[in-house]
Amino acid sequence: MIKSNPVRALLEETADLFLFFLRFFQEIKRGKMEWAEWINQCFYIGNRTLLLVITTGFIMGLVITIQSHPSMAAFGAESWLPSVVSVSLVREIVPVITALICAGKIGSGIGAEIGSMKVTEQIDAMEVSGTNPYNYLVVTRVLAAMFMVPLLVVFGDAIALYGAFLGVNMKQSVTFSLYTHQIFMKLTYSDVIPSILKSFFFGFAIGIIGCFKGFATRNGTQGVGAAANSAVVMATFVVFIIDLVAAQLSDIFSIT
Amino acid sequence: MSRSEENQQDVVIQVTELCKSFGDLHVLRDFTMDLRAGENVVVLGRSGSGKSVLIKCIIGLLKADSGSIRVLEKEVLELDQHTLDALRVEVGFLFQSNALYDSMTVRENLEFPLRRHMAGISAENRDERVRQALEDVGLGHTVDMMPEELSGGMKKRIALARALILQPKIILYDEPTTGLDPITAREINELILQVQDRYHTASIIISHDMHCVRQTANRVIVLHEGRAHAVGTSAELSISSDPVVNSFFSEV
Ligand SMILES: Nc1ncnc2c1ncn2[C@@H]1O[C@H](COP(=O)(O)OP(=O)(O)OP(=O)(O)O)[C@@H](O)[C@H]1O
Ligand SMILES: [Mg+2]
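Residue numbers (the working numbering), protein chains in the order written: chain A, 1 to 256; chain B, 1 to 252.
Think of the hints as simulated: they come from the structure by calculation, not from any bench. A portion of the hints provided could be inaccurate.
[Claimed, not checked] Output of the computed footprint for chain A on chain B, the stretches with three or more beta carbons under 8 Å from beta carbons of chain A:
#1 53–66
#2 94–104
#3 111–117
The C-beta atom is built at its ideal place from N, Cα and C for all residues, glycine as well.
With the hints as constraints, model all of the structure from the sequences given.
Here you go:
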C-alpha cells in the first residue's frame, strides 16, 4: 500500500510539522497570550531539569579540564588551559548537553502530557470550554522552553566553569581571581551570544516537537508512550542539526 | 399558531442530511434527526457506527462534510470561532472518556469553563456555581481532590457537573453509563432524569445500554450504516420487526 511507503510517510510528517510550525506564528500574531500557563510551564521546566543541568554541567567542566590537561602540558601551554576549556564549554558543550537533557526530560514530558490529553479527549474538552487548545497548550509550552533553555544554559555555563576551576586546581594552583581573569581574556561576547542564540532555537525545537508529537498521538494510551519516545528521538536529532547549522553560520560570519 | 409552527419553534437541534467521512470511511451518510426542548433522545448504535462523530459534529469539534446542523437557530457549519464559542456556552458535553483535566483539582476542573466562557463572573458567584453543580451530582466533598483519586463513577459525575456548570439548554451525553457497574449506571441515569427535570434541558444521549434507553429515553433513534435507521419511543421500537432494531432490543 502507498500509506506504508516510508519515504512518503517521512515527507508527510515533515509537511505536518511545517504546518504545525506555521500555526505557531499565526497564534503568536493573534496575540492572546496565556501568561498564567506560561509561568506554570517555565516553573515546571526549571523544576524538572535544574538538578540534572547542575550535575552534568559540573562534571563536564571538571572532566574536560582534567582530560585536556595532559595535551596542554605537552605543549607547555598549561596556563592556557582555563581559556581553552572555557571556550569549548561555553560555545559547545554546555548548550548541547543542556539541550539534550531538555530534549529527554521536557520533550518527552510534553509529548506524553499532550498525548494523554489528546487520547482522553481533554483537548476536545478545552475547545468546548471556549479555549483554543493550540494557544493554551502549544504556544505557552514552546515559549516557556525558548525562555528556559537559554536560562539553563547560562546557569550551566557558570556551574561548568566552576567545575573547570576545580579541575585546573587539581594539577596546578590557581586563585579564583586569576582563573576568572584568564577566562575573560579569551571569552568574549562573540562566544557567549551565539551560544545563547543557539539555545533559543534548541528550546523552540524541543518545545514544538514535543507538542507536535503529542498532538499527533493515535491509538489510545498505547500511542502516548510512542509519542513521548519519538518526541525525544526527533528533538535530539534536531538539536544536533541546529548545532551544525549554528557552527557553520558563526563560521561564515566569522564570529570567532 | 398551527401545530407544525409550534413544533418548529420547539426544535433546539435540527440535523439534516449530515455527511461525514474520514478518507474512504463514510461514517455518516445523510443522517437526519431533531431534538425538541426538554426532551431526551437516545441515539443507539453499534460500536464504531459513528455516534461520537455525530455529536462532535453537532458541537463543532469535527467539521461535517455536508448537510446542515442547526443548534438553537444557528447553523453550526457557518459560525466563526467567536459565535461558535458563544453557542458552546448553551451546550454541555459529557465526554465518553470524561476528559477531566488530570493536572487540575475537581474545583479547577469545574471552574475552567466558567473562567473561559464567563470571564467577568465574580468569585462568589463562581464558588456558588461550583458548589451547586457538585451538590447536583452529590459529590460536594470531593471539591479539593484530584481526578486520579476518584472512582470511575465519581469521575463520570464530576464530568457531568462540569457539563452542567454553565447551565446549558442542551446536553450531549456520550455513553454516560458505559463501563460502570449496573447500580452506578442506574444512578447516573437517574441523575440524567433529574437534570432534565430540574433545568428543563434537552439532551442527546449516546448509548448502547438498553437499561439506559428504557430509563431515560423519550425517543430513540437507531443509527445504522450512517443513517437514522429507525425512530420511535422505546416501547414502539421494542415490538419492531426490523432485524437491526431487534438486535438491540432483544438482547435483554
Ligand atoms: N478523527 C478521526 N479520524 C479518523 N477516523 C475517525 C476519527 N474519529 C472517528 N473515526 C472513525 O469513525 C468511526 C466511528 O467512530 P465513533 O467514535 O463515532 O464510534 P462510536 O459509535 O462512538 O463507537 P463507540 O461506541 O465505540 O464509542 C470509527 O470507525 C472510527 O475509526
Ligand atoms: Mg463513541
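Do the hints match the structure? See the list:
1. Counting residues of the region 53–66 of chain B whose beta carbon lies closer than 8 Å to any beta carbon of chain A gives 3, which reaches the threshold of three, so the coverage claim holds.
2. With 9 residues bearing a CB less than 8 Å from a CB of chain A, the region 94–104 of chain B meets the requirement of three and the coverage assertion stands.
3. Coverage of the region 111–117 of chain B by chain A holds [criterion: at least 3 residues with CB-CB distance below 8 Å; count 4].
Going through the hint list in order, the structure satisfies each hint without exception.
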